[in-house]
Amino acid sequence: MSSTLFLVQVLNGLQFGVLLFLIAAGLTLVFGVMDFINLAHGVQYMLGAYLAVAFYGVFDNFLVALVLALLAALAFGLLLEFLVFRHLYARDHLDQVIATFGIILFLNHAVRLVWGAAPLTLPVPEFFTGSISLMAGLHYPVWRLVIIAAGLGVAALLYLLVSFTRIGMLVRAGSTNAAMVSALGVNIERLFMFVFGFGSMLAGFAGIMIAPIISVEPGMGTNILILAFVVIVIGGIGSIRGAFVAALLIGLVDTLGRSFSVDILRLFMAPSPARMVGPALASMLIYVLMAIVLYVRPSGLFPARGR
Amino acid sequence: MGKLTVSVAIAAALGCCWAAGAQAEDNLKVGLITTLSGPPAVLGQQLRNGFSLALKQLGGKLGGRETDLVVADDELKPDVAVTKVKALLDRDKVDFVVGPIFSNILGAIEKPVTEAGVFLISPNAGTSTFAGKECNPNLFVTSYQNDQVHEVLGEYAQSSGMKKVIIIVPNYQAGKDAAAGFKHKFTGEVLDEMYVPLGQLDYSAELTRIAAASPDAVFAFLPGGMGVNFVKQYRQAGLADKIPFLSAFTVDESTLPAQQDAALGMYSGANWAPNLDNPQNKAFVDAYLKEYNAVPATYAFQAYDTALLIDSAVRAVKGNVADKDALRAALQKADFRSLRGDFKFNTNHYPIQNFYLAKVAKRPDGKYETEIVKTVFSKYGDSYAKDCPMK
Amino acid sequence: MASTLAAEAADPEPPRTRRIILPAAIFLILALLPIAAALTHQRYLVDLATRVMVYAVAAVALDLLVGCGGLISFGHAAFIGIGAYAVGILSAHGIGDALVALPTAIIAAMLFAWLTGIVCLRTKGVYFIMITLAFGQMIFFVATSLAPYGGDNGLTIAARNTIAGVALLKSDRAFYYFTLICLLATYLFCRALVASRFGRVLRGGKENTTRMATIGFTIRRFQLVAYIITGGLGGLSGFLLANSAEFVSPAYMSWQQSGELIVMVILGGLGTLHGAIIGTAVYLVVEEWLSGITENWQVIFGPLLVLAVLFARGGLLGVGAKLRRHLAEGDGNG
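Protein chains in written order, with this note's numbering: chain A, 11 to 317; chain B, 41 to 431; chain C, 34 to 367.
Next comes chain A alone, as it looks inside the complex:
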């Protein structure tokens, strides 16, 4: 195991972490500000990818497809907010779980009806189709670097927004005490709508960016949703900073765990059982991590609210 291999795996871990951040950012924002469990975040991510594929099919241009899909994702998110979610802010978390669960069922299947059950693909935009040679025989696609850049860009944007703008101040205030903000004369409904729309766009954006390297299929949001929840729970609900740190942490732990678990176990046991136990342990690793974090800090690493 060379140091180059290790460094490349660290890069892979960070890239995976950035991707998780893109997905988790919108989720923690919505949850933190509106105390709303949005299980449908995963299908919004999926929808972003499908919309990008659809628009690409019409216009044959990635940038156009990206912009249109983002707008469509925003529109759809606002539609959902207006039709369903708006009535659920005051309700129990449980009610929110069921309603968003129903939306997941509906959208997962609706997407199948419209686009078919077979996996779809989105090509990498031509400008970024190259790759750089990281080590002997391994090329690192430039698009993955674009994803990392996009993720860091979004992180910086969110930081600026939340810390230095008026709307960001309202978001932080609403996250701490929504009733008070409303009493102070702010149109809390409009604030919620804005936050939710922004969260939907973030989810859709993540879906669009990742579509060129993975398959676009019904239900693609489900597994990623669980990971996103793990991220925001470890990071602390409502905290963008927490989501960023937690996402990178999970990306690293998961990738390095998968890469080296068997090697590490082989120090203690024979190759064959190590090959069996290693992957099982690697799968459990992020859950074990979450359990440990919550045991030590029951409200996550950087809890935003006074929870």
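It should be emphasised that the hints constitute simulated quantities derived from the structure, not laboratory data.
Where is the CB? At the ideal position from N, CA and C, for every residue including glycine.
For lysine-lysine, the following BS3-like pairs were computed, each having C-alpha atoms within a straight-line distance of at most 25 angstroms:
(1) C/K203 / B/K173
(2) B/K373 / B/K431
(3) B/K133 / C/K203
(4) B/K402 / B/K330
(5) C/K203 / B/K151
(6) B/K203 / B/K225
(7) B/K151 / B/K173
(8) B/K402 / B/K282
(9) B/K364 / B/K384
A few chain C residues facing chain B, derived, Cβ under 7 angstroms:
(10) Y77
(11) D185
(12) N186
(13) A278
(14) E279
(15) E328
Once you've looked at the hints, dock chains B and C against the given chain A.
Okay, now just chains B and C, sitting in the frame of chain A:
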């Protein structure tokens, strides 16, 4: 009044609807149980399409008898599959159960169907459990025994002089079986066996390891979306031109529409390919393309063959499906023109057939398919048949 | 935590008759169902109803935890899976008697509940939800890697458990009534628990932990006991599930399964226990019925759930209560 009363009323009404819904009593009834929800639905759809196409071409009759097809969705949940299958047996009184796609569903439904005296014909799942000691006279498999497909690649790797291979499979039972099947025939050095979590999206860690180890070939069994992701990322990482890609169920007609050019030139093993050269297969592929605007995969052709098998058996017993022993003998005889040419059942009711090495290519009409490169095994039976007490 | 509680508060102590009549009606219908099924030649309904009752046992237990204790567990399916695998593993080793399998299932589940409860109960709110999910996932991965017991292919059980050597559960009808008895016992047990001092402490803790601490109760200890009891009953449900399908698989403990259980509990009406039975029945029956009609059933089922949440506050029983109040007011005015 309460919702309870309403629910009861609905339930009672449903009960009556079900009872009244019994179709013509003298029709043959076939129950199709397959996965129609979630990501694997595309496979279930192929299975259903293949069977329906055959039924349509036979004029809606199997063996000369009008046939009612009842389709049930097992939702990839074993306990749901058991309930649905019991409904097929009790409520619809099916004469045959055809399905499923997945091995764990087969494990769950084998008992209820066979113990009810109904024939279970699996057009896809081919677990080793039922090929050996636990073979069953009422169970027939028209696909293959899962290990065999992986052995094709192992044999090819061995006979091509490959010395070092890396295996990558999902960390579940079928994945472990795939690795074991490959190693049956490949006696060279396996540099690494990577077991990845089911549904993994990003393979950068694994691709890095593969590049670092520089094997002579990679053997992958990554079905569905996993295969789409891995193949795309394999090509993007520049490995596709350097390290030969051997696979099973990873580049097939259900995933090729998404993989497209990324999969060109990659190898797979199968008991069939759309370009298998015989007249009935050509007709089938053309008809499937016309009806469903997609290239059929093994799931579709095996379901088609299953319909032909049932047709031939029912015809042999002159429509009298009540005579189970005669029907079983007719099924065992498999006297029909399979899309793969020769077809015979082994003593354990799994097929004896040819296996091919295939390669991904682009068709003239722009769609993608696998094409046969060479025959790897001729009239090949599985290795579990000897443990089966049936003779 | 506003509106579902509001709905409950509006009908806090439903009239004695309803508290007894409704559950009694449910069990009466369940008891008579096999006879009705035999008369209309719909024998498979017995199998469907058995599955409903098996999940209802788990749902009633979950209602105890969620409705009474306010602890939303997203890992409940793990206990079902543990109970089911206890049966499966014992059967694989030749031990097929319920007198061994049933206690093993329940005790194994309770053990897991105890060990994980200690960790989980340090958190609250959504963190509690996530950590229960995490432990559920861990057990799920352990089960999928149990190659000698089929891994994720699952394990077929040779035959249903015998009771003291006698194959009493072999016929579907006998097993149905056995399950019914288990459900009845679970229901009565949970109901007694809720009405007892233990239950009152739990409910107090759900409303205001600080207040309970001030009165002198270490609420966490009570919650742990509730969690263990719920786990044990989940194990019972798993025992029944394994025997019903004669098959065990890691799919029984997926997080999607845990989610569906929560939906079943809410659908019926949180905190009423018999609401959980109704919710389970409606959920599974509607799912079964719709998937028989069309393969696109999720397109209908999803929005139905959403509508149910939006308009049927307090679940189906809440709707029933509202209807009754409307009718009562109508009579008063007219």
